[in-house]
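Trainee: Each chain is listed here by its residues.
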Amino acid sequence: MKILVLISHVPDTTARIAFTNDNTAYDANGVQFIVNPYDEWYALVRALELKEAQGGSVTTITVGGAATEPTIRKALAIGADDAVRVDAEPKDGHDVAVQVAAYAKDKGFDLVLAGKETIDHNGSQVGPMVAELLELPFISLAAKLDVAGGKATAERDVRGDVEVVECALPLVVSCAKGMAEQRIPNMRGIMAARTKPLQVVPAVASEALSTSVKFELPPPKQAVKLIPAEEAGKLIELLHTEAKVI
Amino acid sequence: MSVIVFADTRGAKVAKSALETLTYGRKLANKEGTTLTLATFGDAPADRLAALDANKVTVARNIGDADNQQLARFVADVAAKEGAKWVICSHDDTGKAVAPRVAARLKAGEVAGATTLPNEQGHIKRNVFSGKAQAWVELKTPVKVVSLLPNSIPVEAAQGTATVEEFTGDTGTAKVTVKEVRKAGEGIPLPEAEIVVSAGRGMKGPENWGLVEELAKELHAATACSRPVSDMDWRPHHEHVGQTGLAIRPNLYIAIGISGAIQHLAGVNGSKVICVINNDPEAPFFKAADYGIVGDAFQVLPKLIEAAKKLNAEK
Ligand SMILES: Cc1cc2nc3c(=O)[nH]c(=O)nc-3n(C[C@H](O)[C@H](O)[C@H](O)COP(=O)(O)OP(=O)(O)OC[C@H]3O[C@@H](n4cnc5c(N)ncnc54)[C@H](O)[C@@H]3O)c2cc1C
Ligand SMILES: Nc1ncnc2c1ncn2[C@@H]1O[C@H](COP(=O)(O)O)[C@@H](O)[C@H]1O
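Line order of the protein sequences matches chains L and R.
Counting the first sequence from 1 gives a position; our numbering is that position plus 994.
Counting the second sequence from 1 gives a position; our numbering is that position plus 78.
Each hint should be verified, as a subset may be incorrect.
[Claimed, not checked] No more than 25 Å apart at the CA atoms, straight line, and that leaves these computed lysine to aspartate or glutamate pairs for DMTMM-like:
{"#": "1", "chain 1": "R", "residue 1": "Lys91", "chain 2": "L", "residue 2": "Asp1155"}
{"#": "2", "chain 1": "R", "residue 1": "Lys185", "chain 2": "L", "residue 2": "Glu1160"}
{"#": "3", "chain 1": "L", "residue 1": "Lys1138", "chain 2": "R", "residue 2": "Asp171"}
{"#": "4", "chain 1": "R", "residue 1": "Lys365", "chain 2": "L", "residue 2": "Asp1100"}
{"#": "5", "chain 1": "R", "residue 1": "Lys387", "chain 2": "L", "residue 2": "Glu1225"}
{"#": "6", "chain 1": "R", "residue 1": "Lys261", "chain 2": "L", "residue 2": "Asp1100"}
{"#": "7", "chain 1": "R", "residue 1": "Lys94", "chain 2": "R", "residue 2": "Asp143"}
Hint data in this document are derived by calculation from the structure and do not stem from the laboratory.
The following block holds chain L by itself, in its conformation from the complex (with noise of 0.2 Å):
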């Protein structure tokens, strides 16, 4: 089976958050990148997993610059054979997923898996859009996935409960807490990263349909309110009097 996973390049989950340029851009100055959690712990090892159990490939796929490059010898060291990096800043989400299209269109992936969202960005777009440019069905906040006998079967927490769902291969599918367990890389795996392919491709032209302009931080938060515990009763006097939320 031919697996392919996207691996996007984001601030740390402890990174600040703070913007330059009269607030238009993040300022990522000294700040820590990360591969995305949803990419790594979920769609990555679960890739890696069905690869041990039934053979094939597992390439990861970038959009970004060269400064994403450590991020995905992190996937590398993780055990994915080989990645691609598309060579250009992401404009928006429909550009990565233009980019991602083009190099996967006839390249014969099984099953491309992407994170249910990126930390930053929060878009959940790039997986749908993805399927959509490459007319693919689409798995929408998988927890569990296997395939057997050419179908992949899914299961999703939507509304509170669990939807059990099939579909033939190939198709796109966007990961979610559940599907498996974090990885952490062992130095035999960090070695044999430094030297497994990294292709780097050019951009195919695709223009910003959307642009984010300005950045806001929210309001300082209003120092707490502190009730004593003898009296923690009042607490909920105060919810449904003062807050009115019960």
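Starting from the known structure of chain L, arrange chain R with the ligands on it as the hints suggest.
Mentor: Structure of chain R with the ligands alone, referenced to chain L:
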């Protein structure tokens, strides 16, 4: 030119998220001086659809929500027929998959998870960096797609007198099919809950969740938990909220014995009111809280349950 709203109208009553998208669509249509068409699917009776606040309803009777490719073809088709300038979906489980497909199909810019109507410049706000910041987005295309974050605008339901027509276009056959649905328990589904009672490692063990559940029951709330709690299997995975779990934005979030790590906050910082109960006054969660109690959960929870019972009796 018109505004299209795509919404799920199935079920015993029309979901709040669907009514929110209709309110949003109506406001846009008024602003643009145009009409509103609702594109929906499923088996809702025609009279109920006619009463919704749309000028026209197109209903696809024979497609379900399993295959978002079919739904996207349907919505794109209606949008083309109506000469849509705007397509509005909910940023819920279905809309999150359909809206980007429609956008890609129509080569339209999309705002995913919008929290406002367009401002004077036509820019729309959305959350980014997992709720730690917001961005104003400009859409550069003639057709624009918006998926609206649930709970972002108040519903202004108006009585409609829409004409209802059945969709007859071709959307192909469903490639994704539902094999089984395992219903969750009795409780209120977490993504839709207005009130959430959540607990973390401070509860010491799964055997102590009775207190959390009892408070949730008295408040008509859903229950949630921090990541380590679901990782240790004290609670089911679907209760895990935060950066790598579910992001929720209830009216009230009560956090018990949760430290307030940044990855946890990322999933709950959109809540309107946050209450924190923690025995450590230095717990970072207090900085993000509106109300707080510094104290032992095992002492505090029984007092809250008692007060909630009293309030319910008075109401
Ligand atoms: C990439 C990444 C992603 C992550 N994603 C998530 C996520 O999505 N969601 C998430 O929750 N976490 C996430 N985490 C983990 C997060 O960093 C924290 O470790 C986690 O949220 C801590 O859970 P906790 O607050 O339940 O436990 P602890 O941090 O152990 O906190 C327990 C709290 O309970 C209090 N307490 C103890 N006893 C009592 C008592 N008797 N009464 C009252 N209070 C008491 C303590 O003072 C403490 O503040 C992520 C981490 C990483 C690195
Ligand atoms: N620049 C990128 N390169 C490769 N994959 C990406 C990129 N951006 C997003 N993705 C993938 O698309 C998913 C959804 O991203 P988003 O639409 O930004 O929420 C991510 O979890 C990744 O799997």
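Trainee: Run the structure past the numbered hints and jot down the numbers of the failing ones, going up.
Mentor: 2, 4, 6
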